[in-house]
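Visitor: Chains A and B are the protein sequences, given in the same order.
Start counting the first sequence at 1; every next residue gets the next number (my numbering).
Start counting the second sequence at 1001; every next residue gets the next number (my numbering).
Bear in mind the hints are in silico, worked out from the structure with no lab data behind them.
Where hints are given, some of them may not hold.
[To be verified] Computed list of lysine to any residue pairs in SDA-like fashion (alpha-carbon distance at most 25 angstroms, straight line):
id, chain 1, residue 1, chain 2, residue 2
1, B, Lys1203, B, Asp1110
2, A, Lys195, B, Lys1203
3, B, Lys1038, A, Gly236
Number of protein chains: 2
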Amino acid sequence: MISSKIKTHLKKMEQKKFRKEFLEFTIEGIKGVEEALKSDFDIALILIQANKRDDEDILKIINKANKKNIEIEYVGIKDLESISSTKTFPGVLAIVSQKEFYLDNFLKSDNIIILDKINDPGNLGTIIRTADWFGIDKIILSEDSVDIYNPKTIRSTMGSIFHIDILQVNNLEKVLDKFKQEKFIINAFTLNGEKIDNISKNKVNKNIFLFGSESHGLRSELEKKVDRSYTITGYGQAESLNLAISAGIIMNKIKN
Amino acid sequence: MISSKIKTHLKKMEQKKFRKEFLEFTIEGIKGVEEALKSDFDIALILIQANKRDDEDILKIINKANKKNIEIEYVGIKDLESISSTKTFPGVLAIVSQKEFYLDNFLKSDNIIILDKINDPGNLGTIIRTADWFGIDKIILSEDSVDIYNPKTIRSTMGSIFHIDILQVNNLEKVLDKFKQEKFIINAFTLNGEKIDNISKNKVNKNIFLFGSESHGLRSELEKKVDRSYTITGYGQAESLNLAISAGIIMNKIKN
């Protein structure tokens, strides 16, 4: 049985405002908790489904958590429903402290993805996972984007949330100006730019890859800052590509 | 007020077995219903939120439906909750007849995507939408894949469900054999194949692009049939790419 204090805390964590207040997020499932344990993120608490405590994967997690002096609570069947963000609790959950990232650090990087007003948590999670695959480890989001720590986002990162520096900023226009001062080139993706094949030959040392929102594309205020604009040529009847797919195709172009 | 007969029908349509029995599916939202009306799919019924009947987009739909002699029912606020697959009903819904596709037709095609045991409806919908963008209009799924007509799949196709021929087959191994007899090359995507850059130079006239399941990759029975195997090179810490992202990168490689 877990305490009602933990239950209330987890219930609150379903809301963005409390995640922001506590500066924490939750991650569920063996793979996710393993990645959390491997990372240098601070883990406040691990919850384990009591009747799974002898499972091989769970045992490994318990051992690792013990070594790192992380508190573990065991959860009875009755409490499972109230703690999981999915229908079936995957046996283990960790409450993790959010990490603080700084723009200065981003200015030293070569390739940065910037997302304006991204609103689909699954898309964001998939972009984080894809960036991690291609070794692009810096992402910036506008403040009005979906919350990075939304459980759906965290789930679809498949553990990559622990490998990427993600910064949410208030004024994307000013941030773009700062990057431009530091000799970054702003590459954007629109429906009427040059062919993306050119992206490799146009690439400079420091690149921003800027994406507009799923439904409205790039805001005109941001468009003004763009140095080069690219399009993924289509041949069929679809009006647009899914944002995460576009980002994936572009990351592959940049890296391969 | 809609009749309880329609309500019961829609309720049943939430289940795969009834969608299979009725050979129908539902599509919600203006964009989706517009695409349905533009297509040669038969529409059994259109439901419209009564207090939106004077909206410009809805009026266009009503006019087009009238021209095609499609029955329209108007739905009161009270009934909205019971008919939508999402939290907020987007004003319009169509019940559409499933179309029958035949393997013979696929054998005449150049590029075909085959998905084995795909289980995420969002991934399937996104792959359909992406194929439509790149002008690849034939997809085959194994029988144990997620239902094509799952509302989440339909939603994430963004209307592309009406542009692509999709066939669900019982015995994928036999189907692959048939394609091989017809001189198709089976290209698969695994974690230890050659670089995908080679795919353009290796491409022949008739190509199958075969993808295994999200969680288990390609089954060994199918692996035996593969002519060439490709990998999207990664540089980061992620263990794998999302299936729809891989498929998107590959479709772009094939077409651009």
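Visitor: Would you mind marking each hint as holding or not holding in the structure?
Guide: Hints, one by one, checked against the model:
This hinted pair checks out: B/Lys1203 and B/Asp1110 have alpha carbons roughly 11 angstroms apart, not beyond 25 angstroms. Our distance criterion of 25 angstroms between C-alpha atoms is met by A/Lys195 and B/Lys1203, whose separation comes to about 22 angstroms. A hinted pair counts as satisfied when its Cα atoms are at most 25 angstroms apart, and B/Lys1038 with A/Gly236 qualifies at roughly 15 angstroms.
In this structure, none of the earlier numbered hints is contradicted; all agree with it.
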